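Chemist: Now that you have both chains on their own, put them together as the hints suggest.
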Amino acid sequence: MKLRLILLASIFTIVACSNQNIDSSSNEKIETDSLTLAVGKEPESGFDPITGWGRYGSPLFQSTLLKLDEDLSYENDLITSYHISRDGLTWTLELREDAKFSDGERLNADDVIFTFEQAQLSQSIVDVTNVDEIEKQSDFSLKIKLKTPQATFLYLLATLGIVPEHAYNDRYQDYPVGTGPYKMVEWKKGEQLIVEENPHYYGKKPSFKKLTFLFLEEDQAFAAAKAGQVDVASVPITYNNQTIDGMKLLSLESVDNRGVILPFLDEGNETAEGIPAGHVVTSNLAIRKAMNLAVDREELVDGVLEGQGTPAYSSVDKLPWWNEDTRIKDDNQELAQEILTSDGWEKNEQGYFEKDELEAGFTLYYPSGDQLRQSLSIVFAEQMQHFGINVVTEGKSWNELENLIFSNPVMMGWGSHDPTELYNLYHSDIKGIDWYNSNLYQNELVDNYLENAMHAKSEEAVNQALKNAQFNGETGLSAKGDASWVWLVNVNHLYFVHEDLKIGEQKIQPHGHGWPVTDFITEWKLKTNE
Amino acid sequence: MKKWIPIKLIVPILLILVLYIVAIIIEQKELAIDLNQKNTAPSLTHLFGTDWLGRDMLIRTWQGLSVSLTIGIVTAFCSTIIALLMAVVAGANKKFDRIVRWMIDLFLSLPHLVTLLLITFTLGGGVKGLMIGLIVTHWTSLARVLRVEVFQLNNSEFIQASRQFGKNYIWIVWHHFLPHLYPQIIIGAILIFPHAILHEAAVTFLGFGLSTDQPAIGIILSESMSYLSAGYWWLAFFPGLFLLSITLTFQYMGKQVHRVMERNDRYDSGVNN
Numbered sequence: 318m319k320l321r322l323i324l325l326a327s328i329f330t331i332v333a334c335s336n337q338n339i340d341s342s343s344n345e346k347i348e349t350d351s352l353t354l355a356v357g358k359e360p361e362s363g364f365d366p367i368t369g370w371g372r373y374g375s376p377l378f379q380s381t382l383l384k385l386d387e388d389l390s391y392e393n394d395l396i397t398s399y400h401i402s403r404d405g406l407t408w409t410l411e412l413r414e415d416a417k418f419s420d421g422e423r424l425n426a427d428d429v430i431f432t433f434e435q436a437q438l439s440q441s442i443v444d445v446t447n448v449d450e451i452e453k454q455s456d457f458s459l460k461i462k463l464k465t466p467q468a469t470f471l472y473l474l475a476t477l478g479i480v481p482e483h484a485y486n487d488r489y490q491d492y493p494v495g496t497g498p499y500k501m502v503e504w505k506k507g508e509q510l511i512v513e514e515n516p517h518y519y520g521k522k523p524s525f526k527k528l529t530f531l532f533l534e535e536d537q538a539f540a541a542a543k544a545g546q547v548d549v550a551s552v553p554i555t556y557n558n559q560t561i562d563g564m565k566l567l568s569l570e571s572v573d574n575r576g577v578i579l580p581f582l583d584e585g586n587e588t589a590e591g592i593p594a595g596h597v598v599t600s601n602l603a604i605r606k607a608m609n610l611a612v613d614r615e616e617l618v619d620g621v622l623e624g625q626g627t628p629a630y631s632s633v634d635k636l637p638w639w640n641e642d643t644r645i646k647d648d649n650q651e652l653a654q655e656i657l658t659s660d661g662w663e664k665n666e667q668g669y670f671e672k673d674e675l676e677a678g679f680t681l682y683y684p685s686g687d688q689l690r691q692s693l694s695i696v697f698a699e700q701m702q703h704f705g706i707n708v709v710t711e712g713k714s715w716n717e718l719e720n721l722i723f724s725n726p727v728m729m730g731w732g733s734h735d736p737t738e739l740y741n742l743y744h745s746d747i748k749g750i751d752w753y754n755s756n757l758y759q760n761e762l763v764d765n766y767l768e769n770a771m772h773a774k775s776e777e778a779v780n781q782a783l784k785n786a787q788f789n790g791e792t793g794l795s796a797k798g799d800a801s802w803v804w805l806v807n808v809n810h811l812y813f814v815h816e817d818l819k820i821g822e823q824k825i826q827p828h829g830h831g832w833p834v835t836d837f838i839t840e841w842k843l844k845t846n847e
Numbered sequence: 003m004k005k006w007i008p009i010k011l012i013v014p015i016l017l018i019l020v021l022y023i024v025a026i027i028i029e030q031k032e033l034a035i036d037l038n039q040k041n042t043a044p045s046l047t048h049l050f051g052t053d054w055l056g057r058d059m060l061i062r063t064w065q066g067l068s069v070s071l072t073i074g075i076v077t078a079f080c081s082t083i084i085a086l087l088m089a090v091v092a093g094a095n096k097k098f099d100r101i102v103r104w105m106i107d108l109f110l111s112l113p114h115l116v117t118l119l120l121i122t123f124t125l126g127g128g129v130k131g132l133m134i135g136l137i138v139t140h141w142t143s144l145a146r147v148l149r150v151e152v153f154q155l156n157n158s159e160f161i162q163a164s165r166q167f168g169k170n171y172i173w174i175v176w177h178h179f180l181p182h183l184y185p186q187i188i189i190g191a192i193l194i195f196p197h198a199i200l201h202e203a204a205v206t207f208l209g210f211g212l213s214t215d216q217p218a219i220g221i222i223l224s225e226s227m228s229y230l231s232a233g234y235w236w237l238a239f240f241p242g243l244f245l246l247s248i249t250l251t252f253q254y255m256g257k258q259v260h261r262v263m264e265r266n267d268r269y270d271s272g273v274n275n
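So the protein sequences, as listed, match chains A and B.
Each residue of the first sequence is one higher than the one before, counting from 318 in the numbering used here.
Each residue of the second sequence is one higher than the one before, counting from 3 in the numbering used here.
Looking at chain B on its own, in the form it has when it is part of the complex (with noise of 0.2 Å):
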């Protein structure tokens, strides 16, 4: 039984974990103001051209990735245990399922942009604000996922015979249930992502998710709209082409981990037959 990781699902592992740790050793290097510099358009001393203070772009653009990352990492690894004790807990009984899924439906009737500028607004912002509000509005949509495997689970005959044998439910949970969900949690996880890095960005370029002074993708965004009709397009462009296609690497990940596991599982049932 040879499971194989293709090669593409290690390369945009890889890139992020690439980036990631460059971001980690660039955020220790202070941003130098150079005022000699301002606002040169991309060249090859500074590939992302420089900003009005005369800061690098590419190093103002990296250490915002790595807020976002670092973000990100934290809203989907919450996020998807919310989603999973949200899905065994309404497993439980009928009286917790109504609960839940009236939450569920709470959380996905309202706008989601709205409802997390809400929670991070009355946090009163910052870094803590934010997550928190990520994390509180971005579990919904996994837990319905995970709330219907449970349910077929609980009425799968294996389970019904573990309860005869008096198996009590968590002893259910953990034997029976978190391994046929793991596929599912781990690409859930790996969704929330993107989600999470686009909504930070898009709530702190409308001024209500981090401070100025943290060097987010949102902030260098919302403060190059006021130098865009000067002509100066680098200072969003090149930010805004990283976010996209940080966005979209995590999404061509979760799609490739979807299929790796897909295909084993098919591989798993052709041997066993």
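Next comes chain A alone, as it looks inside the complex (with noise of 0.2 Å):
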């Protein structure tokens, strides 16, 4: 029995030991050429730009033709100008000449048809579909020649790696050889990568000439910058009333959102596939109206966030094509109930709107295991409960979404720089691809605008498109038009970082927590340097 006690004596000892600050070791002075980071997951295919390496955040070993800023505008990385024909169709780039791999070949405008063409033929995230042809000029100049006009090439310029066409093999995405500021030491998968500094970039060289990346899961990332061991690491929401010794905490904007997808279609359709979709409440346009307006995202921001976030009113909020008419009063239960009473629906006993011996309600499911979604889900549904419509909540697995999302609604998240992905989303022609456009939205309207959007010839162009695709004044695919979606929260990011080391203006944040962070890593340096 005495022995029992001593055991449990001791477990509360140790449970109540963990609760202070164990190490105040993180003081240290941080080393001044080279950075330990914790910052997210391995990427599973490796580091080829062709199966997606370096969409988000540096591509460390290889460098792009373009590249964005904090602003998100366009600057020459590889290419020192380009060109663009009249109709939009034809583009020369002229290359640097000085640009060199890490294992000292030179780089050359055969490097970057081959990008192209290798992308092309694996038919990978990388879209080219709309190049038609590519022709060499001279060594360091090519011309692309589209089959439409599209200005939001440059996009895929400014985060296609450029490959070696002498040593892009099948082992590429294990061994990358690029033009970037680092080139690889060793990749021990599952554990960690080391870089070091590229002898041959051209660009500025990067004030830490040693990068090692550890693959840690979020709260073991917490725990090794609690113990000193790494200089940058990316945590959770759900740790930002923590405080370690010797490093601040960055919380970071971004458009990685959360929102509820709406089925658009009324009950009985079926996708092309012949999966069931569409629902008979949320085919509803007062409902979804009602929904958006009756929402209260600041308590979502405040309670389930901790206020690290910011209320979400599109998929594209504070981009450069954002419609900021799109940003409604919300919590506004008042007028939400008047667009019910207006179009019919009236509260029965158990104080839910009823139209037609309809109940207005819907299970709303979460990927489980998700624990962020889940709370914005409860809380979600809690709000609507509250406001008279009946929704309960379930957690399932993405594997049962991929079905399930046609005909119920779910939570999910979007956020890219990449203004396509407006286009993905509310398109009627991309119904249900790659879980694009997985509640069917069409409207012929808001269709027109996105194609224009696609196929236009300035940046310009495409943005003023994209805000008349969200709200034209009258209608469009945002909550005060169509409002195919419940867009709830922009989630903030957050990294503990050495609080010696500046890390600048950062870009607001993609979907995707941990690499992005990585964006401008070679112009990070210690404030005592200065």
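By construction, these hints were calculated from the structure, which means they are not laboratory data.
Among the hints, a few may not be true.
Computed Cβ-Cβ distance ranges for the label pairs, DEER-style [as the list claims (entries may be wrong)]:
1. B/T124 - A/T560: 45 to 51 Å
2. B/K96 - A/S362: 55 to 61 Å
3. A/W715 - B/A94: 27 to 33 Å
4. A/E641 - B/T72: 35 to 41 Å
5. B/L208 - A/E641: 42 to 48 Å
6. A/G624 - B/D107: 57 to 63 Å
7. B/L108 - A/G668: 54 to 60 Å
8. A/W715 - B/L19: 53 to 59 Å
A few chain A residues facing chain B, derived, Cβ under 8 Å [what the hints assert, rightly or not]:
9. D487
10. F539
11. G545
Computed from a predicted structure; not experimentally measured.
We treat Cβ as the ideally placed atom computed from N, Cα and C, and that holds for glycine.
Modeler: Have a look at this one:
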């Protein structure tokens, strides 16, 4: 019996201790030319840009033709200039002549052409279907012919890392060679990645010669930061009231949004594959609008995100093509009720709205295991219950959601620097491909605007058309128009960063927490170096 | 011939009964979300603290236990019946015995948790999948014990005599085997219980069992994982402690039942002499 008591007591002590700051060694001086980072998971398909590496964050090993700055405008990187013909079809690119791969070979037009060809062959995430042909002008100049004008091609040029023709093989994703600021030293799969400065890099030399990326789970990353083992750690928002000696907590704004996707069609429809689609309640415009107005986004931000986020009104908040008119005054139950009443809905005895013996209500699904989405769903459901819509929540695996999403509201999330995403989410041609437009939304007018945007010749024209698609003063895809989603919040991305380390201004962060913080890693420096 | 039940046995039984009844009553109550009371440490208003949505952890834990107990009871009952059937079938003739022995060996040779995971996963998880998984994997030890008992009884003189009188096997099972086996059956069933609860929690914790909207201890524990390094120890500590206590209570109860039955046997035989 005594032994048991001692055991119990010792468990108590251990638990109590872990509650305090065990470690104060994190005050140690940062090493001057190397950094250790724990910023997210290992890229599953390796470091090959053709299969998607570098879409978020710095490609480290490779560099791109263009790059995006903090304000999401385009800057030259591997090219010195580009020219677009008046019909928007022919793009002439001039390459810089001093770019060398980390193995010492010079980069020329052949490598760029090779990269595009590989992307075409592999039919991967990188969408180059609009490229008609590529013509080599000289060693450092090439012409790309497009099938249709596409100003958003700029985004592709800014995310596709150029791979070397001479060193690209089956094992490239494990042993990348590129023109980027760093070259690979060692990759222990599942554990860590060590990179060091590429001596041939043409750009400004980074201040840190060696970087070590540790692939840790989020709570491990926090523990490692607490023990002073890492200089940068990405942590979930639940850690926002934690402190670590010698580290500061950065909270970066994002378009990493969460919202409820609402089936747009009525019950009894089907997708092209024959999966049931549509929902009898959410196909009602008044219900969708009322939910958008009745929900209290601020409460979600304060309550669930602990203030580490912003209310979301669209999937593109604060991006250059966001239409600010889509911002609505929410928590407005009177107006929401008015909309429902004028559509013929009345509250029944249980306190839920009802029309023609149809009770307003649905099951809101969320991916089980995603605690943030679960919490958002639970609180959203409670708000709706309070308002008069009978929302209940249920967790399902992603596999199950793949079919359920066509006929049920689901807590989803998007957010990208790529303007094409808006097209994919709302254009009627994309119905249900790779989770895009899974509520089978369609509106001819919106389709037109979106198509105009994709085939526009200039960035401004793209942005203008996308703004019109959201809301043109009368209708659109946003909450003021068809309201096919209830966008709820943008989730801030939290990082613990060594207090002497300056990482500068960041872009508004996209979906996916972790790698995007490395965007400007070459410009990171120590405060003491100034 | 006075048979009395000692206090040592009454206490755990009462404890579990009270716990279960309270759990059933609590289950009717909605778990209130209170975003102003998030992540508060245990206090007098919230004995077990609150979680990240301000839900009371005591109520969540209790509801979780009710799910666990229900699953435990069903599993224990069904597994025991399977075990008994297997033992009786094995006693019928040599060929059946070989088959049953082979099945017991098969299940025992595989790691318990792995088999359970596989079965639950193939059945698609959820309460149904988990229960079937638990039932199918938990009968083996008891079946082995019962098989030996049946074997011994089969060779005893009065069974031989019964057979000589022309009684068939079913009759013998009903009139001779069951009265002899019931102590083993009861103790076996009680001892399956803690196993089943722990395994349910383990499988759920790993994400293959109950779905996340069910208030199960395994869910609570796995959810709390991401909050532990943030210092919210009460999210895991009290539910874990509760689970452990329940398991130990059942173990203890099993032991006491065993002692009572043994003693009654001894008492009876003493009187007969």
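Chemist: Could you tell me which of the numbered hints above are not met by this structure, giving the numbers in increasing order?
Modeler: 3, 4, 8, 9, 11
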